[in-house]
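Enquirer: Chain residues, written in single-letter form:
Number of protein chains: 2
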Amino acid sequence: MKLYDGGRAPNPRRVRIFFAEKGVPLPELVPVDMASKEHKTADFTKLNPAQRLPVLELDDGTALAETIAICRYVEALHPQPSLFGSDAKQGAMIEMWNRRIELGLFSSVSAVFRHSHPAMAELEDQVPEWAEANREQLDDHLWLLELQLAGNEFVCGPALTVADITAGIAIDFMKPAKLPLPEDFVQIRRWHAALSARPSWKA
Amino acid sequence: MKLYDGGRAPNPRRVRIFFAEKGVPLPELVPVDMASKEHKTADFTKLNPAQRLPVLELDDGTALAETIAICRYVEALHPQPSLFGSDAKQGAMIEMWNRRIELGLFSSVSAVFRHSHPAMAELEDQVPEWAEANREQLDDHLWLLELQLAGNEFVCGPALTVADITAGIAIDFMKPAKLPLPEDFVQIRRWHAALSARPSWKA
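So the sequence lines, in the order shown, correspond to chains P and X.
Counting along the first sequence from 1, when you hit position 117 you're at 116 in numbering that gives the first Met the number 0, and nothing is skipped either side.
Counting along the second sequence from 1, when you hit position 161 you're at 160 in numbering that gives the first Met the number 0, and nothing is skipped either side.
Isolated chain P, as found in the complex:
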């Protein structure tokens, strides 16, 4: 297997952290430089027509894209420790929270970064009004996470799951998006400090 990797970008990091939390060694890494648009070349487009990173190339040549699809594949090959849940209800609740965070907080932070950061002007047709609309929604997304963490050590209970990786990466991504985390989010701060101290978080 080979992992086409995108360095510090959030989705490549999510996958590398997932491997680390599973205790599965990373496959051979193939760095793809997004700043020089290597993910838009004809060769890369053949591998992933959606032109996104990361991509896991399986030994039979199959190109598997989409962060969560790659994580689920790793989980299926190495079930323990389970990061997607081990029964129907737990699995569904983890899927729910992972999606809530992805489609809410993570998506809004990404929108602010992609549509307002000067470094992204080259790669995106920026819509500043969309960055602004997402900036205004940020507090609602943060409160949803804050309230959930008030009753739980991790997003879905006493153990780390894929939803924590998604949420932690979203909080990390606020820094390059120039979005400060207000002091009132004490549960998020407590939980994020614990995540950041895990060895996996250096991945």
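Worth double-checking, as some hints may not be accurate.
Identical copies look the same in the list; a pair holds intra-copy or inter-copy alike.
[Unchecked claim] Each computed DSBU-like pair below joins lysine-lysine, with the alpha-carbon atoms no more than 35 angstroms apart:
1) Lys45 with Lys1
2) Lys39 with Lys21
3) Lys174 with Lys21
4) Lys88 with Lys177
5) Lys88 with Lys36
6) Lys201 with Lys174
7) Lys1 with Lys177
8) Lys201 with Lys39
9) Lys39 with Lys174
Because the hints were derived from the structure by calculation, they are not lab data.
As the structure is a computational prediction, the values presented were derived from the model and not from experiment.
Position chain X relative to chain P; hints supplied.
Expert: Structure of chain X alone, referenced to chain P:
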């Protein structure tokens, strides 16, 4: 179990079609009228703080939100016919395609509808520039699907999966979003006609 349902909206339909394709009878339906903002009331917000439909209430009172989380729960209780794949690689490829369509075509069509349709002005802080940006991306998303369907009867091969439900609903949603499907998309037209003729599609 109870299913809090939102009528003709795309995500409630995805879940009802999923039940029908699984051959699982729908639970008791509780209609929630989004036009009169019933999904924004205090009671509904207690059930789903993200204020979205549908929500499956389990017999123990757990509220399970997010379309795909509900579908996965149904799949876990009733594995056959499998709509999420039955081995690691097939499951990952279906997850990849479902996400590609959700985050690409479905998300763009939704953005056009939500940010340009006059009926949505009451429910959304509309950003017309975002509707326009998504309208411009539509052809790219459609080509990704067209090329995949050129070699496959359904999105992921010879059998219908959850990715077909997501993609078919996205194509249906183009009508209220006032986005015509150009004649050149012959594979999409062939596949969508076959989907629309299935009994499940009336759900």
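Enquirer: Each hint should be assessed against the structure and marked as holding or not.
Expert: Taking the hints in turn, this is what the structure says about them:
no. : hint               : in the structure
1   : Lys45 with Lys1    : within (16 angstroms within a copy, 45 angstroms between copies)
2   : Lys39 with Lys21   : within (31 angstroms within a copy, 39 angstroms between copies)
3   : Lys174 with Lys21  : within (27 angstroms within a copy, 44 angstroms between copies)
4   : Lys88 with Lys177  : neither (37 angstroms within a copy, 38 angstroms between copies)
5   : Lys88 with Lys36   : between (41 angstroms within a copy, 29 angstroms between copies)
6   : Lys201 with Lys174 : within (16 angstroms within a copy, 47 angstroms between copies)
7   : Lys1 with Lys177   : within (33 angstroms within a copy, 42 angstroms between copies)
8   : Lys201 with Lys39  : within (27 angstroms within a copy, 40 angstroms between copies)
9   : Lys39 with Lys174  : both (26 angstroms within a copy, 31 angstroms between copies)
Hint 4 from the list above is the single one not met by this structure.
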